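K.L.:
Spelled out from the first residue to the last, the chains are:
Number of protein chains: 2
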Amino acid sequence: MSKLVIVGTVAFDAIETPFGKTDKILGGAATYIGLAASKFGVNSAIVSVVGGDFPKSDIDMLRSKGIDVSGLEVIPDGKTFFWSGKYRNDMNTRDTLVTDLNVLADFNPKVPEEYLDAEVVMLGNLHPQIQIDVINQMKAPKLVVLDTMNFWMENTMDDLQKIISRVDVVTINDEEARQLSGEYSLVKAAQKIMEMGPKYVVIKKGEHGALLFGNDDVFYAPAMPLREVFDPTGAGDTFAGGFTGYLTKTRNYSFSNMKNAVVSGSALASFCVEKFGPERLINLSEKEMRQRMHQFKSLTQFEIKLT
Amino acid sequence: MSKLVIVGTVAFDAIETPFGKTDKILGGAATYIGLAASKFGVNSAIVSVVGGDFPKSDIDMLRSKGIDVSGLEVIPDGKTFFWSGKYRNDMNTRDTLVTDLNVLADFNPKVPEEYLDAEVVMLGNLHPQIQIDVINQMKAPKLVVLDTMNFWMENTMDDLQKIISRVDVVTINDEEARQLSGEYSLVKAAQKIMEMGPKYVVIKKGEHGALLFGNDDVFYAPAMPLREVFDPTGAGDTFAGGFTGYLTKTRNYSFSNMKNAVVSGSALASFCVEKFGPERLINLSEKEMRQRMHQFKSLTQFEIKLT
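Line order of the protein sequences matches chains L and C. The opening residue of the first sequence carries number 1 in our numbering; numbering runs sequentially from there. The opening residue of the second sequence carries number 1 in our numbering; numbering runs sequentially from there.
Possibly wrong hints are sitting among the right ones.
[As the list claims (entries may be wrong)] Only pairs whose alpha carbons sit at most 30 Å apart, straight line, appear in this in silico DSBU-like list of lysine-lysine:
hint, chain 1, residue 1, chain 2, residue 2
1, L, Lys188, C, Lys86
2, L, Lys188, C, Lys199
3, L, Lys305, C, Lys305
4, L, Lys192, C, Lys86
5, L, Lys297, L, Lys65
6, C, Lys65, C, Lys24
7, C, Lys297, C, Lys199
8, L, Lys297, C, Lys297
9, L, Lys297, C, Lys287
10, L, Lys275, C, Lys192
11, L, Lys21, C, Lys188
12, L, Lys305, C, Lys199
13, L, Lys86, C, Lys188
14, L, Lys192, C, Lys297
15, L, Lys287, C, Lys287
16, L, Lys275, C, Lys305
17, C, Lys192, L, Lys297
18, C, Lys249, L, Lys192
19, C, Lys162, L, Lys86
20, L, Lys249, L, Lys162
21, C, Lys275, L, Lys305
If you're looking for bench data, these hints aren't it; they were derived computationally from the structure. Computed from a predicted model, the values in this text were never measured in an experiment.
Here chain L stands alone, though its shape is the one from the complex (with noise of 0.2 Å):
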């Protein structure tokens, strides 16, 4: 079985929305990569660090979906990475109220042992050097995929160039894809983000969909519409989750299994939204996800016969 290596965030967040708020609760981009990608049960390793205030009871409910956590490291006297962020009545637009790096600030990724020859590389959203580390430390990965947003594009704009000349997959929401860009238009975006070196770039559009962009293929996977969305919060990492964790079960990284990979991370994240946190993710059983693929097909695929 091949293997995934995901480096992001393990975090504490704290959720206000419409419908409610929350204490200090697990989340962290990579996080809801490896909750995503576990649906898969693929052979996953989070590489991230926390502080001795982080629970063993997350730590090992993570290990629990078959996430390797040992290059999950633990500063005993330090603190883990705690957000603070509050939802506009759109659930589009958030404020973040704290950003708290503390052991972050100093992290030092280290790619375990048996997982140096991975051949699928998630870049959570993280300092472009982190990614960079973590990269240079890999073997041969097949694939390496990138998800940035637009805090780095502001601070750190020439590692996050770096790392993009390295990736093969950029995973961006439409905002910092223009951001990143210049270019208003989606797909001029996506072909100057492919100039800087990545072969796919997958734009994220929330409620809106997914569009997936490779030399001159398109593809378009609308988001579930959805009665009620709880918690946008992690739904972007879950996509990324979704993504590489059924292009590592898979083993094909042409652009037509890509599309089923787009899929696959789209239908996860429309469980992410259903509840605070990754709630919804942990407690999620197989019989669901598979109706949910279902429901999904149902509701993008139709039989128009063609001259």
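Following the hints, position chain C against chain L.
P.N.:
Frame of chain L; chain C shown alone:
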């Protein structure tokens, strides 16, 4: 061959976008609907009114597309409906600069004798009382589709509620669906609108595609990602014309065939925005339409194996 009745404005538009501006050019909901539906070779008739200032060459052009214009009344000493608008930089919002109702203010629609038994009726965006007048003349249509907009919700809500209760399908954009239903979630909005009478609701999301709701079914057709959106004017009407044109041609009003109709409407709308006004639709070849439909299929279809 089955018949399609189209009611809506035939107008002059003056349009300004970030790419340029036009003088008074051909416009109006019925114009776009008729041109789009004509691509399916159905028998269609436009019911509308223009003034003596309306060029005979435009009427001839519509006739040359196989559209019956005997229900297009000409008021020799009246002036044609005029709308002028300006799009903002994101092309998703526009400001109306001028709305001169002119001959539309006293319009009494008359459906041509040979079209009273038409199977499909497309009630384009217009005063709801005119839409009611048209429906009252029809013998026994199999499918009545209504398009409307916020202006009528704000000014003639009672009439609008009356006509909504009598149609099979409502097509409406996302913001207007929210306004009409009082629900932010589009799933809930569609349900509320279906409770008003219609069996199906199509929510148009512009560059984000279109959602079709019916009973417990939902279908999501994305919009074709374009390098450039030149002028969005008429895209919603073009969608409605493609939707009803396809249904008139195939005479199958099931949910699964409506999926195909939504795809047809979306494909046609993707042409409409490529040039100012209806120019692109007027000159659209069958071959281009066929190619776009194939592109649309590869844009949205995937082959994941489900268990």
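K.L.:
For each hint, tell me whether it holds in the structure or not.
P.N.:
Verification of the supplied hints:
1. L:Lys188 - C:Lys86: Holds, because 24 Å separates the two Cα atoms, which is no more than 30 Å.
2. L:Lys188 - C:Lys199: 39 Å, violated
3. L:Lys305 - C:Lys305: Roughly 22 Å separates the two Cα atoms, so the pair holds.
4. L:Lys192 - C:Lys86: 29 Å, holds
5. L:Lys297 - L:Lys65: 27 Å, holds
6. C:Lys65 - C:Lys24: Judged against 30 Å, a Cα distance of about 22 Å means the pair holds.
7. C:Lys297 - C:Lys199: 26 Å, holds
8. L:Lys297 - C:Lys297: Given pair L:Lys297, C:Lys297 holds - Cα atoms ~14 Å apart, limit 30 Å.
9. L:Lys297 - C:Lys287: 29 Å, holds
10. L:Lys275 - C:Lys192: 24 Å, holds
11. L:Lys21 - C:Lys188: 23 Å, holds
12. L:Lys305 - C:Lys199: 25 Å, holds
13. L:Lys86 - C:Lys188: 24 Å, holds
14. L:Lys192 - C:Lys297: 25 Å, holds
15. L:Lys287 - C:Lys287: 44 Å, violated
16. L:Lys275 - C:Lys305: Between L:Lys275 and C:Lys305 the Cα gap is close to 28 Å, so the pair holds against 30 Å.
17. C:Lys192 - L:Lys297: Between C:Lys192 and L:Lys297 the Cα gap is close to 25 Å, so the pair holds against 30 Å.
18. C:Lys249 - L:Lys192: Given that 30 Å is the threshold and the Cα spacing comes to 42 Å, the pair is violated.
19. C:Lys162 - L:Lys86: Violated, at roughly 41 Å.
20. L:Lys249 - L:Lys162: Distance ~28 Å between L:Lys249 and L:Lys162 Cα, so the pair holds.
21. C:Lys275 - L:Lys305: With Cα atoms ~28 Å apart, C:Lys275 and L:Lys305 stay inside 30 Å; holds.
Consistency with the previously given hints fails for numbers 2, 15, 18, 19, ordered from lowest to highest.
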